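Asker: Sequence:
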Amino acid sequence: MQVPALTLVTLLALLLPAQPCPSEMNKVKDLLEVNCTGQALRAVPPDLPADTGILLLSDNCLESLSTAAFLSLTRLQDVDLAKNGLVALHTGALLPSLKELILSHNALGVLPVLEGLPALTHLAVAHNSLETLAPRAFHTVPQLQDLDLRGNKMQQLPQEAFAGLRALKELDLSDNLLKELPKELLQDLQMLETLWLSGNQLQTLPTDFFPKGRLFMYVFLTENPWHCDCDLHYLQTWIRQNADVVYQPERGLEETKVEVKEIKSHGSASHALFYKGKIYLPRGSHPAPCSSILQPPEVSRAKIITWVFGRGR
8 MQVPALTLVT LLALLLPAQP CPSEMNKVKD LLEVNCTGQA LRAVPPDLPA DTGILLLSDN
68 CLESLSTAAF LSLTRLQDVD LAKNGLVALH TGALLPSLKE LILSHNALGV LPVLEGLPAL
128 THLAVAHNSL ETLAPRAFHT VPQLQDLDLR GNKMQQLPQE AFAGLRALKE LDLSDNLLKE
188 LPKELLQDLQ MLETLWLSGN QLQTLPTDFF PKGRLFMYVF LTENPWHCDC DLHYLQTWIR
248 QNADVVYQPE RGLEETKVEV KEIKSHGSAS HALFYKGKIY LPRGSHPAPC SSILQPPEVS
308 RAKIITWVFG RGR
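For the sequence shown, our numbering gives the first residue as 8, with consecutive numbering after it.
These are calculated hints, taken from the structure and not from any lab test. This one's a predicted model, so the numbers in the text were calculated from it and none came from an experiment. Some clues are possibly wrong.
[Claimed, not checked] Calculated lysine to any residue pairs in the SDA-like style (CA-CA distance at most 25 Å, straight line):
{"#": "1", "residue 1": "Lys-106", "residue 2": "Asp-58"}
{"#": "2", "residue 1": "Lys-219", "residue 2": "Ala-174"}
{"#": "3", "residue 1": "Lys-186", "residue 2": "Tyr-241"}
{"#": "4", "residue 1": "Lys-90", "residue 2": "Cys-68"}
{"#": "5", "residue 1": "Lys-219", "residue 2": "Glu-177"}
{"#": "6", "residue 1": "Lys-106", "residue 2": "Leu-38"}
{"#": "7", "residue 1": "Lys-34", "residue 2": "Pro-52"}
{"#": "8", "residue 1": "Lys-160", "residue 2": "Pro-189"}
{"#": "9", "residue 1": "Lys-34", "residue 2": "Asp-85"}
{"#": "10", "residue 1": "Lys-106", "residue 2": "Arg-157"}
{"#": "11", "residue 1": "Lys-34", "residue 2": "Cys-68"}
{"#": "12", "residue 1": "Lys-176", "residue 2": "Cys-235"}
Kindly generate the complete structure, drawing on both the sequences and the hints.
Answerer: In structure tokens form, the structure reads like this:
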């Protein structure tokens with residue numbers, strides 16, 4: 008019986024060993040980078056170079072994975088597992104050198120327990136299906152500096168979600184479904200510089216949500232349905248006092264600080280806090296009383312923040 012040529016080619020492809028993942032030195036990090044991107048892998052290749060420092064495994068079919076697969080890679084620092092359809096990640100194997108773990112664009116419904124990763128500084132779990140976080144979810148990775156949780160389905164967070172992350176510098180919670188946030192959510196984040204809350208369902212923030220005396224470099228608050236009433240008085244006051252760090256992200260553009268302009272209002276705004284769709288700040292060194300927030304502004308000179316450019320995300 009004659010076997011079609013196409014069938015023979017398919018059989019040979021299945022029988023022949025897979026091509027090794029190409030590798031080269033990463034000149035920036037001075038580490039051996041092994042690129043296994045887009046090879047339809049269902050398991051981590053067993054024959055990776057022992058001195059692999061950066062492992063790119065994105066765009067494969069690794070639906071379930073254990074970090075034990077990396078035990079032989081004693082110099083491994085960065086792993087990219089994005090776009091794998093990953094539904095389960097099992098940790099526990101000690102990977103003392105791993106610093107960066109990318110799990111974005113997968114199907115994780117629950118954040119993996121992050122055990123055996125004591126040196127982890129960068130974790131990205133963006134665009135998964137997380138609905139919430141467990142209290143102290145990151146207590147096993149106290150060196151974490153950058154945490155990316157944007158684009159999930161989180162509606163609420165426990166007060167102690169980020170407890171113990173005293174080294175964290177950047178936290179991205181944008182593009183979730185968050186309706187409210189606990190007052191003490193940021194209390195342990197002593198080094199936090201950048202906070203993304205854009206694109207949620209937030210109507211207000213609790214009083215003293217931003218720890219007193221804490222300095223931020225960037226705070227992103229736009230694309231939320233802020234409800235203009237007395238409950239928003241705290242946020243209004245905080246923005247006035249920190250106007251130089253509040254930004255609007257506009258995709259594809261570089262970071263630019265908010266632009267503060269003098270305008271003339273004519274009492275046409277529906278609420279004093281908002282004027283022509285922009286945040287309104289009454290003139291003077293003290294925040295407006297609650298009653299003035301509920302009344303349209305009189306004809307006067309007023310300060311508003313014009314949300315301009317921001318970092319593309």
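Asker: Any of the earlier hints contradicted here, and which numbers?
Answerer: 11 and 12
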